[in-house]
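Student: What follows is each chain in one-letter form.
2 protein chains.
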Amino acid sequence: MATINKLNHLISHLNLAAKPTVAAVWPQDTSTLNALRRALNKDMVNVITVGCAERVTKHLDRFIGSGSLTVVDADTPEAASDLAVSLARQGEADILMKGLVKTDVLLHAALNKEHGLMTPGNVLTHITVGDIPQYDKLLMFTDVAVLPCPTLAQREAQLRYITRLARSIGVATPAIAMVHCSEKVDERHFPVTADYRELAARAARGDYGDCMVDGPMDVKTACDAHAARVKGIKSPVAGIADALLFPEIESGNAFYKAMTLFGEMRTAAIVCGANVPLVVPSRGDDFRNKFYSLALACALIVNP
Amino acid sequence: MATINKLNHLISHLNLAAKPTVAAVWPQDTSTLNALRRALNKDMVNVITVGCAERVTKHLDRFIGSGSLTVVDADTPEAASDLAVSLARQGEADILMKGLVKTDVLLHAALNKEHGLMTPGNVLTHITVGDIPQYDKLLMFTDVAVLPCPTLAQREAQLRYITRLARSIGVATPAIAMVHCSEKVDERHFPVTADYRELAARAARGDYGDCMVDGPMDVKTACDAHAARVKGIKSPVAGIADALLFPEIESGNAFYKAMTLFGEMRTAAIVCGANVPLVVPSRGDDFRNKFYSLALACALIVNP
Numbered sequence: 004m005a006t007i008n009k010l011n012h013l014i015s016h017l018n019l020a021a022k023p024t025v026a027a028v029w030p031q032d033t034s035t036l037n038a039l040r041r042a043l044n045k046d047m048v049n050v051i052t053v054g055c056a057e058r059v060t061k062h063l064d065r066f067i068g069s070g071s072l073t074v075v076d077a078d079t080p081e082a083a084s085d086l087a088v089s090l091a092r093q094g095e096a097d098i099l100m101k102g103l104v105k106t107d108v109l110l111h112a113a114l115n116k117e118h119g120l121m122t123p124g125n126v127l128t129h130i131t132v133g134d135i136p137q138y139d140k141l142l143m144f145t146d147v148a149v150l151p152c153p154t155l156a157q158r159e160a161q162l163r164y165i166t167r168l169a170r171s172i173g174v175a176t177p178a179i180a181m182v183h184c185s186e187k188v189d190e191r192h193f194p195v196t197a198d199y200r201e202l203a204a205r206a207a208r209g210d211y212g213d214c215m216v217d218g219p220m221d222v223k224t225a226c227d228a229h230a231a232r233v234k235g236i237k238s239p240v241a242g243i244a245d246a247l248l249f250p251e252i253e254s255g256n257a258f259y260k261a262m263t264l265f266g267e268m269r270t271a272a273i274v275c276g277a278n279v280p281l282v283v284p285s286r287g288d289d290f291r292n293k294f295y296s297l298a299l300a301c302a303l304i305v306n307p
Numbered sequence: 004m005a006t007i008n009k010l011n012h013l014i015s016h017l018n019l020a021a022k023p024t025v026a027a028v029w030p031q032d033t034s035t036l037n038a039l040r041r042a043l044n045k046d047m048v049n050v051i052t053v054g055c056a057e058r059v060t061k062h063l064d065r066f067i068g069s070g071s072l073t074v075v076d077a078d079t080p081e082a083a084s085d086l087a088v089s090l091a092r093q094g095e096a097d098i099l100m101k102g103l104v105k106t107d108v109l110l111h112a113a114l115n116k117e118h119g120l121m122t123p124g125n126v127l128t129h130i131t132v133g134d135i136p137q138y139d140k141l142l143m144f145t146d147v148a149v150l151p152c153p154t155l156a157q158r159e160a161q162l163r164y165i166t167r168l169a170r171s172i173g174v175a176t177p178a179i180a181m182v183h184c185s186e187k188v189d190e191r192h193f194p195v196t197a198d199y200r201e202l203a204a205r206a207a208r209g210d211y212g213d214c215m216v217d218g219p220m221d222v223k224t225a226c227d228a229h230a231a232r233v234k235g236i237k238s239p240v241a242g243i244a245d246a247l248l249f250p251e252i253e254s255g256n257a258f259y260k261a262m263t264l265f266g267e268m269r270t271a272a273i274v275c276g277a278n279v280p281l282v283v284p285s286r287g288d289d290f291r292n293k294f295y296s297l298a299l300a301c302a303l304i305v306n307p
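As given, the protein sequences belong to chains A and B, one line each in that order. One gets my numbering by counting positions in the first sequence from 1 and adding 3 to each. One gets my numbering by counting positions in the second sequence from 1 and adding 3 to each.
Hints may be right or wrong, so weigh each one.
Note: identical chains are not told apart, hence a pair may lie in one copy or across any two.
Using 27 Å as the maximum straight-line C-alpha spacing, the simulated BS3-like pairs for lysine-lysine come out as follows [said to hold, decoys possible]: (1) K237 / K105; (2) K116 / K105; (3) K116 / K237; (4) K105 / K234.
Since the hints were made in silico from the structure, they are not lab data. Quick caveat: nothing in here was measured; it's all calculated off a predicted structure.
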């Protein structure tokens, strides 16, 4: 498939032979409901709503498109989360999306050992796809919201998820930069840089699929070929990164907030690692973010 | 004095009754030499160059302005660093500025216990002043380059230095946001948030001078009043931050690199904590950054 460079190209590149079904948990807020309606109108999904039945019926009473809408009620956000998770376990939902429920509550249900959505060895981690006016490709990055400080094994999972997500947006061999404030491996002061060296070696022998992984390098070296040249950095990733792996949540979050506030970045995001993709926007995220996040989850399901 | 909102207003707001003297260490590169010439032409400084005498003489042979140029030679960048530090110790230089010498080398000379520039209890820390088109004030932040992970005592020093620097650019009572990925104090997972609580309490009782200090809060809450309102955050700092205190170097550096690359941010920066301000730009920094960094150091010396 063609490489997708802008979030608004996501929709036209969905392979919708079989529509995925999204279970929307406690969809009480207008922006979630609008995102669901847009997705129905665009013929992208079937929708099951769980909770807030009256509000849903009123808001989604008319939509065009051939998808189905199933309205299920639930008494509390917690009950709605449990029910949606069980729908996903039974194969009746391919994507979970949160409405006005706390992220913790939905993740807690997904993480339940007996009734949840985790396969041992997997890890829940948040991946954002940024659409940045000044960058000529989409830029994936992780983790700005869920995993505070990944272990080596968790970083390996992140590399696998990024590689998989990249393929679904048409990037066959993503260039993944492992971010640090410098390009030096300094095991004593920055143990993460030793992890990076190890991960780069394992990536080179193919452990994470079809990807190029390099680092440590800073954000500018990763995304600006000129800066990389000035520094004399030779790397197949430097200057052309498709994805950034951040050392921990503080740096990822600072990047994310700065870019949305001052860099005119638009985003879509999902939580990977459960048996189905989870769409867990923040309260502050707008309709557009919610809609594109749902589209991204669809891409992960339906694209090769 | 008036508040300075743009870096290019720095120059006209310098109180130049007495010109400070800058000692430039190993000024071999054109951008450093051009920054020095501009500063001489603008009548901002006296200049002592240390090392690269032939190159300096050739490049700075003609300048307008009433400042003096003294050319001293040195055999190596290390010797030049030591000599410049001793000039500062003797009160003959008010500012040190590095040319084509490694930052480590100059900082090493400044940190020397016997012959250096440190007063016990002080700490070297890097403060950037960002000029961001989409923000209506200058934004100071620390530390993106020198101090990897500040202790509580080091953060106290950062708050004092920021407050002092703010005053020199006309911000009488800076609003300082202590950055974290969320607004919750979570001592167990993020010990830094407990430090923040303590620092906010000490700031409120006046320990760091005339400033408002609050956190934890994320970058967007700190700099966007709308985002702060949506989140229901009540804080005298939220939405109007003059300065960001980052939890560690990774997040500061990610913010800095993202903003210069994608947010069209211009910067000036100095290292505070030695007995004189140190101007230590990176190799990759352009002439403009070097010139404004020198102007910032001048402001710290000559403004109230």
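Student: Each of the hints needs a verdict: does it hold here or not?
Tutor: Hint by hint, here is what the structure shows:
1. For a Cα distance limit of 27 Å, the shortest separation of K237 from K105 across copies, 21 Å, qualifies, whereas the shortest one inside one copy, 44 Å, does not.
2. For the homomeric pair K116 and K105, the shortest alpha-carbon distance inside one copy (20 Å) is at most 27 Å, but the shortest distance between copies (53 Å) is not.
3. In this assembly of identical chains, the alpha carbons of K116 and K237 never lie at most 27 Å apart, being 45 Å within a copy and 38 Å across copies at closest.
4. In this assembly of identical chains, K105 and K234 lie within 27 Å of each other by CA distance solely across copies; the values are 14 Å between and 44 Å within a copy.
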